[in-house]
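Here the structure of chain F is known, so what remains is to put chain X in place on it, guided by the hints.
Here are the chains, one letter per residue:
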Amino acid sequence: MAKKPHDTPNLDALETGPWPSFVSGLKRLAKDKDAVVDLLGHLEHSYATKKGYWKGGTLGVYGYGGGIIPRFTEIKDENGKPTYPDAAEFHTLRVMPPAGMHYSTEILRKLADIWERHGSGLIAFHGQSGDIMFQGATSENVQKAFDEINEAGFDLGGAGPALRTSMSCVGAARCEQSCYDEGKAHRMVINSFLDDIHRPALPYKFKFKFSGCPNDCMNSIQRSDLAVIGTWRDNIRTDEPLAKKWFAKHGMNELVNDVVAHCPTRAIQLKEIKDVRKGESISAVAVNDTHALEIDNSDCVRCMHCINVMTGALAPGKDKGATILCGGKRTLKIGDQMGTVIVPFQPLQTEEDYEQIVELGQKIIDFFAENALEHERTGEMIERIGLVNFLEGIGLDVDANMVGAPRSNPYVRTDGWDEEVAKIKAKKAAA
Amino acid sequence: MAQAQTQTQMRKPKETGVPDNMQYMHPTLVKNHGNWKYHDRPRPGVLHHVSHSGEEVWTVRAGTQRQMDVHTIRKLCDIGDKYAEGHVRFTIRSNIEFMVADQKKVAPLIEALEKSGFPVGGTGNSISMMAHTQGWLHCDIPGTDASGVVKALMDELYDEFRREEMPNRVHMSTSCCEINCGGQADIAIIVQYTKPPKINHDLVANVCERPAVVARCPVAAIRPALVNGKPSLEIDEKKCMCCGACYPPCPPMQINDAEHTKLAIWVGGKNSNARGKPTFMKMVASGLPNNPPRWVEVAAVVKKILHVYKEDARPWERLSDWVERIGWPRFFEKTGLTFTKYLIDDWRGSRANLNASTHIRF
Chain F
1 MAKKPHDTPN LDALETGPWP SFVSGLKRLA KDKDAVVDLL GHLEHSYATK KGYWKGGTLG
61 VYGYGGGIIP RFTEIKDENG KPTYPDAAEF HTLRVMPPAG MHYSTEILRK LADIWERHGS
121 GLIAFHGQSG DIMFQGATSE NVQKAFDEIN EAGFDLGGAG PALRTSMSCV GAARCEQSCY
181 DEGKAHRMVI NSFLDDIHRP ALPYKFKFKF SGCPNDCMNS IQRSDLAVIG TWRDNIRTDE
241 PLAKKWFAKH GMNELVNDVV AHCPTRAIQL KEIKDVRKGE SISAVAVNDT HALEIDNSDC
301 VRCMHCINVM TGALAPGKDK GATILCGGKR TLKIGDQMGT VIVPFQPLQT EEDYEQIVEL
361 GQKIIDFFAE NALEHERTGE MIERIGLVNF LEGIGLDVDA NMVGAPRSNP YVRTDGWDEE
421 VAKIKAKKAA A
Chain X
1 MAQAQTQTQM RKPKETGVPD NMQYMHPTLV KNHGNWKYHD RPRPGVLHHV SHSGEEVWTV
61 RAGTQRQMDV HTIRKLCDIG DKYAEGHVRF TIRSNIEFMV ADQKKVAPLI EALEKSGFPV
121 GGTGNSISMM AHTQGWLHCD IPGTDASGVV KALMDELYDE FRREEMPNRV HMSTSCCEIN
181 CGGQADIAII VQYTKPPKIN HDLVANVCER PAVVARCPVA AIRPALVNGK PSLEIDEKKC
241 MCCGACYPPC PPMQINDAEH TKLAIWVGGK NSNARGKPTF MKMVASGLPN NPPRWVEVAA
301 VVKKILHVYK EDARPWERLS DWVERIGWPR FFEKTGLTFT KYLIDDWRGS RANLNASTHI
361 RF
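Same order as they appear, the protein sequences are chains F and X.
Residue numbering for the first sequence follows the working numbering, beginning at 1 and increasing consecutively.
Residue numbering for the second sequence follows the working numbering, beginning at 1 and increasing consecutively.
Bear in mind the hints are in silico, worked out from the structure with no lab data behind them.
Treat the hints loosely; a few may be bogus.
Unchecked claim - Below, a list of computed lysine-lysine pairs in the DSSO-like style, where the Cα atoms sit at most 30 Å apart: (1) X/K104 - F/K245; (2) F/K50 - X/K239; (3) X/K12 - F/K55; (4) X/K115 - F/K27; (5) X/K198 - F/K333; (6) X/K230 - F/K81; (7) F/K363 - X/K277; (8) X/K195 - F/K50; (9) F/K110 - X/K105; (10) F/K50 - X/K303; (11) F/K333 - X/K238.
Just chain F, same shape as in the assembly (with noise of 0.2 Å):
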């Protein structure tokens, strides 16, 4: 039995309505618990005041720099005694999902009573960068409930300016859209650089995500210094059986407004099947006995649309891979940035694909480290620097896929134009 709780009217509130509440959660805790009594009340100051009251500072296990998110009270008495002593430590561990989130219940029941055993009990799936968050430890405890989620085969994750926790899409194991195994990739990556995620020593933070497909569930093109988002080169494949199936549910308006209509580049075209190209890059699919779709694969920009709503009559081609983009992130400090491409496609089939993402990744994070400023992220680095001082700098040739258009003003030096382009048709040449 804990101790005696707190009043808390305000997050009382929060336990009506039919969304699950975390604040029932915590009163189930502060049954047992007194520093989730306290944290409670903490709460509650919170909500009453319209203000936060929770101190970061230096806290680390054994043998790593990061990871851990220390928060001391700033909520005292005039005698600097904290007013909710049991929660006056309330630390959390960022520890590393496996790829694609997946849990056996076996080890969620594990990591559960872990938790229960050397912390608050209150976990998080997951923080915004990816992390299951443990939180809620006494300085004490970080330790003792790091060695037992450690030997249960979890590792902690990045914080502050170094390699953060990565995200891969649900992918391979149960989406018909998946271009590359994103769990390997997202393993083989992040496991190859765990010294740059808990030895803090960057400039800044460094984010790698990893998306099966164009429709970027992983949001990684927004929120990630290296975005590694699946697609393919050859053409959309087509299967007639599920495309007269879903034409016979949905009928020819739907197919014209909701399916053609959409087609960013109108590569997408609905014709009479007597009608229907013949071609090295047309795919062609009948929805019924007259009428067809004719797809130009060398028009189409790999968006998706179409696959997603006619999910398995449409299909990503076979020759598969990745668009790699470098430099999202959000606001602070220069303004919102997309991630942009940087290769425009990089086949991952073999082992030697995959790792050819590790060389990238490390070419960057080894002239991120040299060249960005403090405090700055890749995105505001290739802003400050321009984009081609940057391919340089990792040894990557230029593309017109990297660009939305050419330049609109004359505001560059040329005099190396002639030189460039030789160089340029010998390299093809030789290719």
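Same frame as chain F, now just chain X:
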């Protein structure tokens, strides 16, 4: 002595990194890894995947509170053991998924989940669980709470989570400061500070690395100063745009304020490449009160936007696609929100956001 040494001997970490997911994965997923053919959705909250091998798997998706107590986790495990096949996964939006290889298990699983208070839904064109941050519960720099805002909003959007009646999927997020850890979304609720930080000059010298704080300011409004004989910092309040970037490296730069910390609503963020290229969200409302425990004013604006979008957008139009069709003036007209001068971008690259054409809808 020897005993004292063994006592201080620390355990060396096993630097094992990301765990292998195959050991925890449902066996049908392992068997058909990379070999799926298509999927459909027999009802909201259920995905049905068919493999090229002919094998099938049903996934039941349910909402959670993300911030889970171990009792909730064990309850979900009990359901997973009794009604599913002992394997689960989580989505990026903290929904839990149970996989079953036998269709007959789907209905009892749904019943068990809903009876235990976990809503089944969040698939396809529904409003899925909101991505959220740590807030007052655990962040060191929060302007508001996160779990509470999400709980309050999801209570209101509960039916839309359990249905698939929106034009396309709706992703939402909340963020408890302008750093926006919640991320890009169709609709995002983000703290917007409205006053420059109040500086506690007694603490700056001891707590802050002053050059780092100066360097952090996006508009160079901060400079070193001697205040009351102590090294401190001062702010050019005419330059300051109240972003709060100085606060994390220097807590004496108090940006949070019970009254002046407001909330803004952003719309139209999309990470998918489907149809148009990915988009960043845009601010469409600000100055909303930070009003716990249920943030009713924010909820009202969000619900209004969602209602108009649901009524007005065509099938498959994400919020950004819909606005692209109807235009921003009509977005403001239809949602009843007020377009003000504060919504005209003046940050770097801002002219690209102006209308350099005669494309105007009358």
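For each hint, the structure was consulted:
no.	hint	verdict
1	X/K104 - F/K245	holds (24 Å)
2	F/K50 - X/K239	holds (27 Å)
3	X/K12 - F/K55	holds (28 Å)
4	X/K115 - F/K27	holds (20 Å)
5	X/K198 - F/K333	holds (21 Å)
6	X/K230 - F/K81	holds (27 Å)
7	F/K363 - X/K277	holds (28 Å)
8	X/K195 - F/K50	holds (16 Å)
9	F/K110 - X/K105	holds (26 Å)
10	F/K50 - X/K303	holds (24 Å)
11	F/K333 - X/K238	holds (19 Å)
When the structure is compared with the earlier hints, no violation turns up for any of them.
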